[in-house]
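Chemist: Residues per chain are reported as follows:
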Amino acid sequence: MSSSDRSGQEGVSGDLVSRVASSILNEPRTERLGEAALPDRHRIEEMVELVRHLVFPGFFGPRGVAKDELPAHVETLLSRIRAHAYEQIRSVLRYVEDIGPDQADNPLCARCDAESRRIADAFLERLPELRDALALDVQSAYDGDPAAAHTDETIICYPGVDAVFAYRTAHILHELGAPLLPRIICEQAHMRTGIDIHPAAKIGRSFFIDHGAGVVIGQTAIIGDNVKLYQGVTLGAKSFPKDERGRVIRGQKRHPTIGDRVTIYAGAVILGGDTIIGDDCVITGGVFITDSIPPKHIVRQKKPELVMRTNREASGA
Amino acid sequence: MSSSDRSGQEGVSGDLVSRVASSILNEPRTERLGEAALPDRHRIEEMVELVRHLVFPGFFGPRGVAKDELPAHVETLLSRIRAHAYEQIRSVLRYVEDIGPDQADNPLCARCDAESRRIADAFLERLPELRDALALDVQSAYDGDPAAAHTDETIICYPGVDAVFAYRTAHILHELGAPLLPRIICEQAHMRTGIDIHPAAKIGRSFFIDHGAGVVIGQTAIIGDNVKLYQGVTLGAKSFPKDERGRVIRGQKRHPTIGDRVTIYAGAVILGGDTIIGDDCVITGGVFITDSIPPKHIVRQKKPELVMRTNREASGA
Amino acid sequence: MSSSDRSGQEGVSGDLVSRVASSILNEPRTERLGEAALPDRHRIEEMVELVRHLVFPGFFGPRGVAKDELPAHVETLLSRIRAHAYEQIRSVLRYVEDIGPDQADNPLCARCDAESRRIADAFLERLPELRDALALDVQSAYDGDPAAAHTDETIICYPGVDAVFAYRTAHILHELGAPLLPRIICEQAHMRTGIDIHPAAKIGRSFFIDHGAGVVIGQTAIIGDNVKLYQGVTLGAKSFPKDERGRVIRGQKRHPTIGDRVTIYAGAVILGGDTIIGDDCVITGGVFITDSIPPKHIVRQKKPELVMRTNREASGA
Chain V
263 MSSSDRSGQE
273 GVSGDLVSRV
283 ASSILNEPRT
293 ERLGEAALPD
303 RHRIEEMVEL
313 VRHLVFPGFF
323 GPRGVAKDEL
333 PAHVETLLSR
343 IRAHAYEQIR
353 SVLRYVEDIG
363 PDQADNPLCA
373 RCDAESRRIA
383 DAFLERLPEL
393 RDALALDVQS
403 AYDGDPAAAH
413 TDETIICYPG
423 VDAVFAYRTA
433 HILHELGAPL
443 LPRIICEQAH
453 MRTGIDIHPA
463 AKIGRSFFID
473 HGAGVVIGQT
483 AIIGDNVKLY
493 QGVTLGAKSF
503 PKDERGRVIR
513 GQKRHPTIGD
523 RVTIYAGAVI
533 LGGDTIIGDD
543 CVITGGVFIT
553 DSIPPKHIVR
563 QKKPELVMRT
573 NREASGA
Chain P
263 MSSSDRSGQE
273 GVSGDLVSRV
283 ASSILNEPRT
293 ERLGEAALPD
303 RHRIEEMVEL
313 VRHLVFPGFF
323 GPRGVAKDEL
333 PAHVETLLSR
343 IRAHAYEQIR
353 SVLRYVEDIG
363 PDQADNPLCA
373 RCDAESRRIA
383 DAFLERLPEL
393 RDALALDVQS
403 AYDGDPAAAH
413 TDETIICYPG
423 VDAVFAYRTA
433 HILHELGAPL
443 LPRIICEQAH
453 MRTGIDIHPA
463 AKIGRSFFID
473 HGAGVVIGQT
483 AIIGDNVKLY
493 QGVTLGAKSF
503 PKDERGRVIR
513 GQKRHPTIGD
523 RVTIYAGAVI
533 LGGDTIIGDD
543 CVITGGVFIT
553 DSIPPKHIVR
563 QKKPELVMRT
573 NREASGA
Chain L
263 MSSSDRSGQE
273 GVSGDLVSRV
283 ASSILNEPRT
293 ERLGEAALPD
303 RHRIEEMVEL
313 VRHLVFPGFF
323 GPRGVAKDEL
333 PAHVETLLSR
343 IRAHAYEQIR
353 SVLRYVEDIG
363 PDQADNPLCA
373 RCDAESRRIA
383 DAFLERLPEL
393 RDALALDVQS
403 AYDGDPAAAH
413 TDETIICYPG
423 VDAVFAYRTA
433 HILHELGAPL
443 LPRIICEQAH
453 MRTGIDIHPA
463 AKIGRSFFID
473 HGAGVVIGQT
483 AIIGDNVKLY
493 QGVTLGAKSF
503 PKDERGRVIR
513 GQKRHPTIGD
523 RVTIYAGAVI
533 LGGDTIIGDD
543 CVITGGVFIT
553 DSIPPKHIVR
563 QKKPELVMRT
573 NREASGA
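Chains as they are written, first to last, in my numbering: chain V, 263 to 579; chain P, 263 to 579; chain L, 263 to 579.
Errors might be hidden in some of the hints.
Identical copies carry no separate label here, and so any pair may be met within one copy or between two of them.
As the list claims (entries may be wrong) - In silico SDA-like links for lysine to any residue, alpha-carbon gap of 20 Å or less:
#1 Lys329 <-> Glu297
#2 Lys515 <-> Asp405
#3 Lys329 <-> Ser284
#4 Lys565 <-> Ala298
#5 Lys329 <-> Gln563
#6 Lys515 <-> Asp505
#7 Lys564 <-> Ser554
#8 Lys565 <-> Ile551
#9 Lys329 <-> Ala299
#10 Lys504 <-> Leu295
#11 Lys515 <-> Leu278
#12 Lys500 <-> Gly534
#13 Lys564 <-> Asp553
#14 Lys564 <-> Ala298
#15 Lys565 <-> Arg379
#16 Lys504 <-> Ala411
No wet-lab data here; the hints were simulated from the structure.
If we strip away everything but chain V, and leave its shape as in the complex, we get:
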């Protein structure tokens, strides 16, 4: 036994144990030990991977599936997706209703189970539509990036396609009424890609985010068709209205509306629930916008004056 193992075997002082235990009992915000029904991030990741196998079959998941084997392959995938979705939706619904593991006879249980089944089934029904939407997104990624050699490349390795795939999956679950789960799916994609899309945002067809790190699309943003964003773009809130007790008011439209065929270049920041960027606008890099822009305009900041001086520290200078 190494000394590091031995160190772990030494008793921890009873005083410390009871101080930590008290701190857990006395701080309900950070403790869910009795909670049987929290969503499981690994199972959610698995579910999203299975959806990816169905949306981009062969690119991800099993290959070498012959045409006559396809229905059986699809049935297996759908069945597994439904099992995962049902399990996780049921878990978040029970968690939201605060139903513990010892409450099998709670009438809410039966309602949660039925609701989970409804959402999981409806989610499956919308997978063909999800596939259609992502085929258009993939085409936009290829059309919008001269560095892409083929649409395949965008499916295989573009973070923007990954993030939009996760958003569209999560958004369907959000529309069907699943709480929390959509947010977790989007935050897992955020972690992978640096692209932060709230699942409640509304995004049209043929959407592409290039590079993408630092993009933030807020909860109440609305985006039209054929929109292209670059890295670092924020569609955010100006400031939050507060109630008379100083608490932020939740649920209002706080994020902008973007029309069809709009391109927004790197680092542009567009804020406010009343801000509308009209169809066919181009917003150039780094622009800071808090007012609406009429359709068919190119907006740039007046070129800031550059100040140049000789670099005296330069070698040989």
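Put chains P and L on the given structure of chain V with help from the hints.
Modeler: Below, chains P and L without anything else, positioned relative to chain V:
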């Protein structure tokens, strides 16, 4: 055996082997083959996960722990955290002292072991304080984001909460004198979240970073209580003083000081060790600041003039 | 059997299965079920890890290798790297040539295999050069960051060193003619680090990216020696020339050229294929540049006027 396996079995030319071996022997900066005591990133990740289980029990790690089982559960967790912490601290201390595996009788060994035990024990003692601090951070995350439905959501999936959890864990180890390990913990969180906080920065209570990708908080930054940052905020250095031989001087205060109740919006850049942002200031998005701001001020850049022209390429234009 | 399992066992409607199967058959862009030869992201990650073991031996991979064991250790590593590289290059070449699994007698197969062997062997030959380049990059990381305590720290946990390691590995494969694989390697590093370097970009010696989240270096960018970038820097394209049918023209120089000994601070955006930043320039934070800068100049934006007003909402104000 497939041909790709066969390809791997073919001999590699002896000439290439000796050129690579020479390049390893001749370049001490990139080689630590004889080093027995480098920190192990997977073990460090495990340690951080165990701390997460203790700080947010039930949210992460085992659930369904009854109240009367709590002390035993806590004792097991503390014991495992200490074993991991002891092992990794001992490893970095031996590495810093350059003690090889064949030096069991080196008197520094005993000192490293004692020091590791001291730091690991002191780290455990500070875990209740870590829990208290994070409960306040979680409350700030909920209070500061209208999109959060519950404090739970911020614990389960907010990258800002994850990054601050990792920072506070690492900062305690930094204060206790553990080298390198705190930096690795923060860089692992940086990789997960896009938020780069140096473990030596000093950050007050009730701290929240929303969205977070691209945030950089430098080594000598000081941040007060109730501060909120958005994505892309940099608290950085202006330029580095160099010694007479042109080498950067390390260890000076190079990063700003932020007062209490300050909000800094997306993409603002605040630079310099002498720069102080006073209490109750609001720094709006994209502002570039290299001088101090007195308390209770809202700072924004003069709105840059927007230049708009018709988008003639727009369809139908 | 739990009810969630049961839910998964229920039959999925035959109608849904056939709608999904049709949507797969009718949308060739998102389906590669018959493709035997797509690159495998997990195997590519393994390959990159093996290269990392060779470039930074002991820091990553096995330790405690004695000097007389080094040649055998190196030979094993080289052999495994070649096997992985051969396998993945062969896979992407067959995929690009659209050779299915049932075409063993296709004459292109033999050509792909020979080409894969050529590239894998040439890649191995260039590993000493890769090691040399990365030793200089590591030195630059230490020299350029006052927060680094030792070059080791930059190897162990700097995302900038990780991203440049992945780029240099991928760039060699790109130069040798391997399609797709280099892009996947760079995008995997992008996911880990938030730093997006296209493998076709040309980058000189002693290159350092500090912090790094949000950095984008485009496909046709050219960067000299001793260049340092900070987080959020974009070396991007101005706009894309389109052909007479409105399709973007691929393969033109669209990204800037950066001279030797240039430093570019956080968030600076430099765009355009004709834009040349001369040797010994310093580009300060947030500058937006679309024109060339002569050598030995420091460029900053004219300090934008700050507007300050009292924060009446501040507590006590």
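Chemist: Decide, hint by hint, whether the structure agrees.
Modeler: Hint check results:
For a Cα distance limit of 20 Å, the shortest separation of Lys329 from Glu297 across copies, 12 Å, qualifies, whereas the shortest one inside one copy, 45 Å, does not. Taking the shortest Cα distances, Lys515 and Asp405 sit within 20 Å of each other only across copies (18 Å), while inside one copy they are farther apart (32 Å). For the homomeric pair Lys329 and Ser284, the shortest alpha-carbon distance between copies (11 Å) is at most 20 Å, but the shortest distance inside one copy (61 Å) is not. Taking the closest pair of Cα atoms, Lys565 and Ala298 never come within 20 Å of each other, the shortest separation being 58 Å inside a single copy and 52 Å across copies.
Taking CA atoms no more than 20 Å apart as the test, Lys329 paired with Gln563 passes in neither setting, with 55 Å inside one copy and 61 Å between copies. In this assembly of identical chains, the alpha carbons of Lys515 and Asp505 lie at most 20 Å apart only when taken from the same copy (15 Å versus 41 Å across copies). For a Cα distance limit of 20 Å, the shortest separation of Lys564 from Ser554 qualifies both inside one copy, at 18 Å, and across copies, at 18 Å. In the homo-oligomer, the alpha carbons of Lys565 and Ile551 lie at most 20 Å apart both inside one protomer (15 Å) and across protomers (9 Å), since each shortest distance falls under that limit.
In this assembly of identical chains, the alpha carbons of Lys329 and Ala299 lie at most 20 Å apart only when taken from different copies (18 Å versus 40 Å within one copy). Taking the shortest alpha-carbon separations for Lys504 and Leu295, neither the intra-copy value of 33 Å nor the inter-copy value of 53 Å comes in at or below 20 Å. Within a single copy, Lys515 and Leu278 get their C-alpha atoms no closer than 48 Å, and across copies no closer than 36 Å, so neither meets the 20 Å cut-off. For the homomeric pair Lys500 and Gly534, the shortest alpha-carbon distance inside one copy (5 Å) is at most 20 Å, but the shortest distance between copies (27 Å) is not.
In this assembly of identical chains, the alpha carbons of Lys564 and Asp553 lie at most 20 Å apart whether taken from the same copy (16 Å) or from different copies (15 Å). Proximity of Lys564 to Ala298 under the C-alpha cut-off of 20 Å is found in neither arrangement, the shortest distances being 57 Å within a copy and 53 Å between copies. For the identical chains of this complex, Lys565 and Arg379 are neighbours neither inside a copy (56 Å) nor across copies (52 Å), given an alpha-carbon limit of 20 Å. Within a single copy, Lys504 and Ala411 get their C-alpha atoms only as close as 49 Å, which misses the 20 Å cut-off; across copies the closest is 16 Å, which meets it.
The structure fails hints 4, 5, 10, 11, 14, 15 (numbered hints given earlier, in ascending order).
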